[in-house]
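Enquirer: Using the sequences and the hints given, assemble the complete structure.
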Amino acid sequence: MLEAAGISAAYGPVKALAEVSLTVAEGDVMAVLGANGAGKTTLLRTLLGLLPAQAGRIRFRGEDITRLKPAERVRRGLVMVPEGRRVLTSLTVEENLLMGAYPRRDTPGPAELDAIYGRFPNLAQRRHMKAVVLSGGEQQMLAIGRAMMARPKLIMLDEPSLGLSPRLTAEVFALIASLNAEGIAILLVEQNAMLALEASRHALVLELGRTAFDGASPALLQDDRVRRAYLGGSAPEDTPHHTPPEGVPP
Amino acid sequence: MSGYTAAILTLLAINIIAAYAAWLPLAAGQVNLGTAGFMAIGAYSSAVLSNEFDWSLPMAIAAGAVCAGGLAMAIGGPVLRTRGLYLALATLAFNEVVRGILINLDVVGGAAGYPVIGHLGLAPIAACAAGVFLLALWLGASRLGMNLHAIEQDETVTALFGVHVPFTQLAAFTIGGVLAGLAGGLYGHHFSFIEGQHFSVLLSVTIVLSVVLGGTQTVWGPAIGAAFFTLLPEIFRGAAAWRYVLFAAAVILVMAIRPQGLLTRADLMRLRRVVRLA
Amino acid sequence: MSAPLLDIRGLRKSFGGLDVVRGLDLQVGQGERVALIGPNGAGKTTVFNLINGYYAPDAGEIRLGGVDLVPIAPRRRIRHGLARSFQNIRLIGHLTVLENVLLGAHVHAGGPLAMLLPLGLGRGRRLREEARARLAEAGLADHAGSLAAGLAYGLRKRVEVVRALMARPRLLLLDEPCAGLNTQERGALLAELHRVAEGGVTLLVVEHDMHFVGGLCGRAAVLNFGEKIAEGTPAEIAREPAVIEAYLGHAPERYAHA
Amino acid sequence: MIAQQLVNGLMLGGIYVLVAVSFTLFFGCLNFLNFSVPALFMLGGFLTWAGVAAGLSWPLAVLLALTVAALASLLVERLTWRLQRGGPPLIPLVSSLGFLILFENLVLVRWGSDARAIPSPFGDANWRIGDVVIGLPQLFGLILSISLVFGLQALLKRTKLGRGIRSLAENAETATMLGVEVDRVAPRLFLLAGLFCALAGVLFSLSYQLVSPYMGDQVALKGLSAMVLGGMGNIWGAVIGGLVIGLVEIFAVGALSADHVNVVVFGILLLSLIIKPTGLFGDPALGQQKL
Numbered sequence: 000m001l002e003a004a005g006i007s008a009a010y011g012p013v014k015a016l017a018e019v020s021l022t023v024a025e026g027d028v029m030a031v032l033g034a035n036g037a038g039k040t041t042l043l044r045t046l047l048g049l050l051p052a053q054a055g056r057i058r059f060r061g062e063d064i065t066r067l068k069p070a071e072r073v074r075r076g077l078v079m080v081p082e083g084r085r086v087l088t089s090l091t092v093e094e095n096l097l098m099g100a101y102p103r104r105d106t107p108g109p110a111e112l113d114a115i116y117g118r119f120p121n122l123a124q125r126r127h128m129k130a131v132v133l134s135g136g137e138q139q140m141l142a143i144g145r146a147m148m149a150r151p152k153l154i155m156l157d158e159p160s161l162g163l164s165p166r167l168t169a170e171v172f173a174l175i176a177s178l179n180a181e182g183i184a185i186l187l188v189e190q191n192a193m194l195a196l197e198a199s200r201h202a203l204v205l206e207l208g209r210t211a212f213d214g215a216s217p218a219l220l221q222d223d224r225v226r227r228a229y230l231g232g233s234a235p236e237d238t239p240h241h242t243p244p245e246g247v248p249p
Numbered sequence: 000m001s002g003y004t005a006a007i008l009t010l011l012a013i014n015i016i017a018a019y020a021a022w023l024p025l026a027a028g029q030v031n032l033g034t035a036g037f038m039a040i041g042a043y044s045s046a047v048l049s050n051e052f053d054w055s056l057p058m059a060i061a062a063g064a065v066c067a068g069g070l071a072m073a074i075g076g077p078v079l080r081t082r083g084l085y086l087a088l089a090t091l092a093f094n095e096v097v098r099g100i101l102i103n104l105d106v107v108g109g110a111a112g113y114p115v116i117g118h119l120g121l122a123p124i125a126a127c128a129a130g131v132f133l134l135a136l137w138l139g140a141s142r143l144g145m146n147l148h149a150i151e152q153d154e155t156v157t158a159l160f161g162v163h164v165p166f167t168q169l170a171a172f173t174i175g176g177v178l179a180g181l182a183g184g185l186y187g188h189h190f191s192f193i194e195g196q197h198f199s200v201l202l203s204v205t206i207v208l209s210v211v212l213g214g215t216q217t218v219w220g221p222a223i224g225a226a227f228f229t230l231l232p233e234i235f236r237g238a239a240a241w242r243y244v245l246f247a248a249a250v251i252l253v254m255a256i257r258p259q260g261l262l263t264r265a266d267l268m269r270l271r272r273v274v275r276l277a
Numbered sequence: 000m001s002a003p004l005l006d007i008r009g010l011r012k013s014f015g016g017l018d019v020v021r022g023l024d025l026q027v028g029q030g031e032r033v034a035l036i037g038p039n040g041a042g043k044t045t046v047f048n049l050i051n052g053y054y055a056p057d058a059g060e061i062r063l064g065g066v067d068l069v070p071i072a073p074r075r076r077i078r079h080g081l082a083r084s085f086q087n088i089r090l091i092g093h094l095t096v097l098e099n100v101l102l103g104a105h106v107h108a109g110g111p112l113a114m115l116l117p118l119g120l121g122r123g124r125r126l127r128e129e130a131r132a133r134l135a136e137a138g139l140a141d142h143a144g145s146l147a148a149g150l151a152y153g154l155r156k157r158v159e160v161v162r163a164l165m166a167r168p169r170l171l172l173l174d175e176p177c178a179g180l181n182t183q184e185r186g187a188l189l190a191e192l193h194r195v196a197e198g199g200v201t202l203l204v205v206e207h208d209m210h211f212v213g214g215l216c217g218r219a220a221v222l223n224f225g226e227k228i229a230e231g232t233p234a235e236i237a238r239e240p241a242v243i244e245a246y247l248g249h250a251p252e253r254y255a256h257a
Numbered sequence: 000m001i002a003q004q005l006v007n008g009l010m011l012g013g014i015y016v017l018v019a020v021s022f023t024l025f026f027g028c029l030n031f032l033n034f035s036v037p038a039l040f041m042l043g044g045f046l047t048w049a050g051v052a053a054g055l056s057w058p059l060a061v062l063l064a065l066t067v068a069a070l071a072s073l074l075v076e077r078l079t080w081r082l083q084r085g086g087p088p089l090i091p092l093v094s095s096l097g098f099l100i101l102f103e104n105l106v107l108v109r110w111g112s113d114a115r116a117i118p119s120p121f122g123d124a125n126w127r128i129g130d131v132v133i134g135l136p137q138l139f140g141l142i143l144s145i146s147l148v149f150g151l152q153a154l155l156k157r158t159k160l161g162r163g164i165r166s167l168a169e170n171a172e173t174a175t176m177l178g179v180e181v182d183r184v185a186p187r188l189f190l191l192a193g194l195f196c197a198l199a200g201v202l203f204s205l206s207y208q209l210v211s212p213y214m215g216d217q218v219a220l221k222g223l224s225a226m227v228l229g230g231m232g233n234i235w236g237a238v239i240g241g242l243v244i245g246l247v248e249i250f251a252v253g254a255l256s257a258d259h260v261n262v263v264v265f266g267i268l269l270l271s272l273i274i275k276p277t278g279l280f281g282d283p284a285l286g287q288q289k290l
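Protein chains in written order, with numbering that gives the first Met the number 0: chain A, 0 to 249; chain B, 0 to 277; chain C, 0 to 257; chain D, 0 to 290.
To be clear, the hints were calculated from the coordinates, so they are not data collected in a lab. Honestly, I wouldn't trust all of these hints.
[Stated by the list, open to error] Pairs of lysine to any residue, SDA-like flavour, derived with a Cα cap of 20 Å:
(1) D:K156 / A:T106
(2) D:K159 / A:G55
(3) D:K156 / A:V131
(4) D:K159 / A:T106
(5) D:K275 / B:R80
(6) D:K156 / A:R103
(7) A:K152 / A:R58
(8) A:K68 / D:R127
(9) D:K159 / A:A176
(10) A:K14 / C:L118
(11) A:K14 / C:L154
(12) A:K129 / D:L154
(13) D:K159 / A:M128
(14) A:K129 / D:W235
(15) D:K156 / A:R125
(16) A:K152 / D:T175
(17) A:K14 / C:A187
(18) D:K159 / A:T88
(19) A:K14 / C:P3
(20) D:K159 / A:R58
(21) A:K14 / C:A108
(22) D:K156 / A:L112
(23) A:K129 / D:R157
(24) A:K129 / D:Q152
(25) D:K156 / A:T88
(26) D:K156 / D:N170
(27) A:K129 / D:R84
(28) D:K159 / A:D105
(29) A:K152 / A:L112
(30) A:K14 / C:R21
(31) A:K14 / C:E235
(32) A:K129 / D:A171
Expert: If you want it as structure tokens, here you go:
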């Protein structure tokens, strides 16, 4: 469904992504793991077209979308739920949902909104309030509801559990699972690696903007490579082959 | 030298001084749209001193510059608390208030204008412009100049390195006021007549425009911008009525192609390298 | 340990009801190299901004060499021996490398009148020599005259360190010095920081690269949700279950019970 | 007397309202202090005269003036904001000033710098309520201004374009992520805001029956003051600010003299910027954050 081959990206002079490839199959849930600064968010931004890919190709449902604008990609069903939700706080809850349908050529009907409200009763109660009054968990629900209004084929979620309590995190992950059950593919960037591996079928581990691992999630659960990506592997004193750089006394 | 050439060069000299008046705060990221107001203060106070109190021209013009600087320092405190476009609007409002007061001040002729008795020719004015340019070169090479650029780019970080940002900005604003007052005093004593209408926001805006066009990163930028603004309409003089149209089109074009101004610091360094090689 | 150079006690900060730092205690001894680590959103940069004065704490004490920093204006803290580098490089782009480094020496440049002197005159002359020397030590002498904006990313990170050193700090705060650097550049930076530390500067580092932390710091404090959950040598930390959980999340079986 | 001044002030304020709303749309949505607004105002007013003078019927002349002003506004978008967005806000400001000089001088080249009298299509239609005289063209202008602002409000609230504009105003990156194309929305905003101030120019020429190439300068400065007073980026703030500035101006003329108007109006602007830069209804985050 989504196929990225050898994409590189940079913020000005800073190379953030180097020749990363990934494939998300129809109905798949894929997790992207890695330490801070490994390039996870950059990967999502590049896939959506917020950041131009300097090299490589991106194909979505058989079509080359490498040069398309973000709006065109959203229209084709590639949608993002950004880190920190980024709901539009000066708009009402309902207006935020309608913004999700912005690139669509047709106008969303009341039935569609009702379907979202049916899923998120909290949002229904506040449909005409400014989104600034929502709690963190409600904002996350709104951000996901907003993404659903775009009629997505694939949703990319960036750190959906960030700042949420364990109970709300569990709710969000249950929601992700149910979206997937409806046939929407998921690309998930998540700090909580164990949770993400549990929730996904495939995983990609990034290290310094490069692919460190690409494979089935269950295999990674037991693998030391995740631990190393986050915690720098075994501590230096355990690794005699780790040589300090020149000029450094032992 | 023909009278025409002398007139253009005098205007150029005055515009260069005014450009440096606007450049100092601008280098620190502050858009001062009140430069013409400070020029008016300098022009009127020096004219009153030389007309009514028979001060010598150098003394009167210097005193006018000090008056403008003093006023800049006094209003700088409250006005500089505003930032960005708010500061631009506050100084714009200041300019209009000054102009409005002068037009209604009958002691200096009100809206009818105020004749100035003493006269200055090209030579002393050009000398002043040269002096201001040297001063700008000096300040540009000083720690103050460096701190101004640093504040313009990153106020927070500059402050964390111990720079007193408000004080530095006030210093730039005040020196700018002095220079504007000087330009105003010279203007009045060259053209022998001043009127409030002349020192409008549009003049302030044109001065800032010239500096931005020349580029704020280097000391040369304001002079280049002032030259562009003074000489380009003259070059188009053959086109008579069209000259300001062509001039405006040139401004738009330059800003579209080079938003950082005609001369940047990087250009200057490249230029130096070429000169050294040659 | 005698009286620590940096002594943080009961530090608290919340933004809009969200507690970002909750009762942090942290001591850094003279000459120590300490890492402050923790997952995303743990409050590490906030701690730096509190030490720095960019934010005012809701409660708690921050003492540097016995002096309480909290009532001191951010601008003045550098005079007490505190300098820092930034997560996203914050050099002044259209100044040269040398000028950027000289900006770091502002507190040693003298009073308002000295501001009016050209950079190479008077006291400025010695500062300029010092700046050149420090750049040379860091292997950056060739770049002294280049504009900071035109420099490669890795070099700019190192210029930031030299700039902070020009303030002659006792405590140097480094916020993610490794972010965006490749392995080779990390090595160069690590060597540079070892040299700095041997010169007697105390280091407090926020960093995600655990190799780097292991290579530089003798001690690490781990922050999670604004609280210190572990402290020890980097090796001890990496084995600590609470740390592993903070970084990697709940083990699946525990998630199933939640 | 006071009643008459109140009426006159509100009528004049109606013109400022449209100019202030135009400024506030540019500033609030695009963080752009657009100094071509005075020129667009002038184009609306002056070209209406030019059309009538050339023998066109009134409605046709107004339509022509508005069309030219709208196209001019689109040109400004192409050559200033589109090229320079993301950089320092000063740069498009400078470019837009270039357009102010350009348009004023183009008109100057064709028609000269003289002020021209323009006959009112309504003759001297007045309403008298006791001692108070209400000029019908002015009253029409005021009502039209306020209804246009209501229309704008509805557009921003109820239409897809309006939601796009508002998301852009809040956060351009989030808007882009949701599929709002800045390069499509911005020209529409320029069109809208440009039409607002051009229409103000038309109303001004009909009400006060005088046009000149420089007619926009002073009015725009007042409109700018009105925007600041009401709070930058706030549409209803601009309305209140515009009416207040209109009243202040008329009362200043009455109490002092016509020459003192600028001292009073800009004195108020200066004070309000120093005391409360966010204006009466401004969002404190706006402007502070973006700059």
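Enquirer: Now, for every hint given, state plainly whether the structure supports it.
Expert: A quick look at each hint next to the structure:
no.: 1; hint: D:K156 / A:T106; result: holds, 16 Å
no.: 2; hint: D:K159 / A:G55; result: violated, 35 Å
no.: 3; hint: D:K156 / A:V131; result: holds, 17 Å
no.: 4; hint: D:K159 / A:T106; result: holds, 9 Å
no.: 5; hint: D:K275 / B:R80; result: holds, 11 Å
no.: 6; hint: D:K156 / A:R103; result: holds, 19 Å
no.: 7; hint: A:K152 / A:R58; result: holds, 13 Å
no.: 8; hint: A:K68 / D:R127; result: violated, 60 Å
no.: 9; hint: D:K159 / A:A176; result: violated, 31 Å
no.: 10; hint: A:K14 / C:L118; result: violated, 35 Å
no.: 11; hint: A:K14 / C:L154; result: holds, 14 Å
no.: 12; hint: A:K129 / D:L154; result: holds, 18 Å
no.: 13; hint: D:K159 / A:M128; result: holds, 18 Å
no.: 14; hint: A:K129 / D:W235; result: holds, 18 Å
no.: 15; hint: D:K156 / A:R125; result: holds, 17 Å
no.: 16; hint: A:K152 / D:T175; result: holds, 19 Å
no.: 17; hint: A:K14 / C:A187; result: holds, 18 Å
no.: 18; hint: D:K159 / A:T88; result: holds, 17 Å
no.: 19; hint: A:K14 / C:P3; result: violated, 39 Å
no.: 20; hint: D:K159 / A:R58; result: violated, 29 Å
no.: 21; hint: A:K14 / C:A108; result: violated, 37 Å
no.: 22; hint: D:K156 / A:L112; result: holds, 17 Å
no.: 23; hint: A:K129 / D:R157; result: holds, 15 Å
no.: 24; hint: A:K129 / D:Q152; result: holds, 17 Å
no.: 25; hint: D:K156 / A:T88; result: holds, 14 Å
no.: 26; hint: D:K156 / D:N170; result: holds, 17 Å
no.: 27; hint: A:K129 / D:R84; result: violated, 28 Å
no.: 28; hint: D:K159 / A:D105; result: holds, 11 Å
no.: 29; hint: A:K152 / A:L112; result: holds, 18 Å
no.: 30; hint: A:K14 / C:R21; result: violated, 35 Å
no.: 31; hint: A:K14 / C:E235; result: violated, 33 Å
no.: 32; hint: A:K129 / D:A171; result: holds, 18 Å
Checked against the numbered hints listed earlier, the structure breaks hints 2, 8, 9, 10, 19, 20, 21, 27, 30, 31; every other hint is satisfied.
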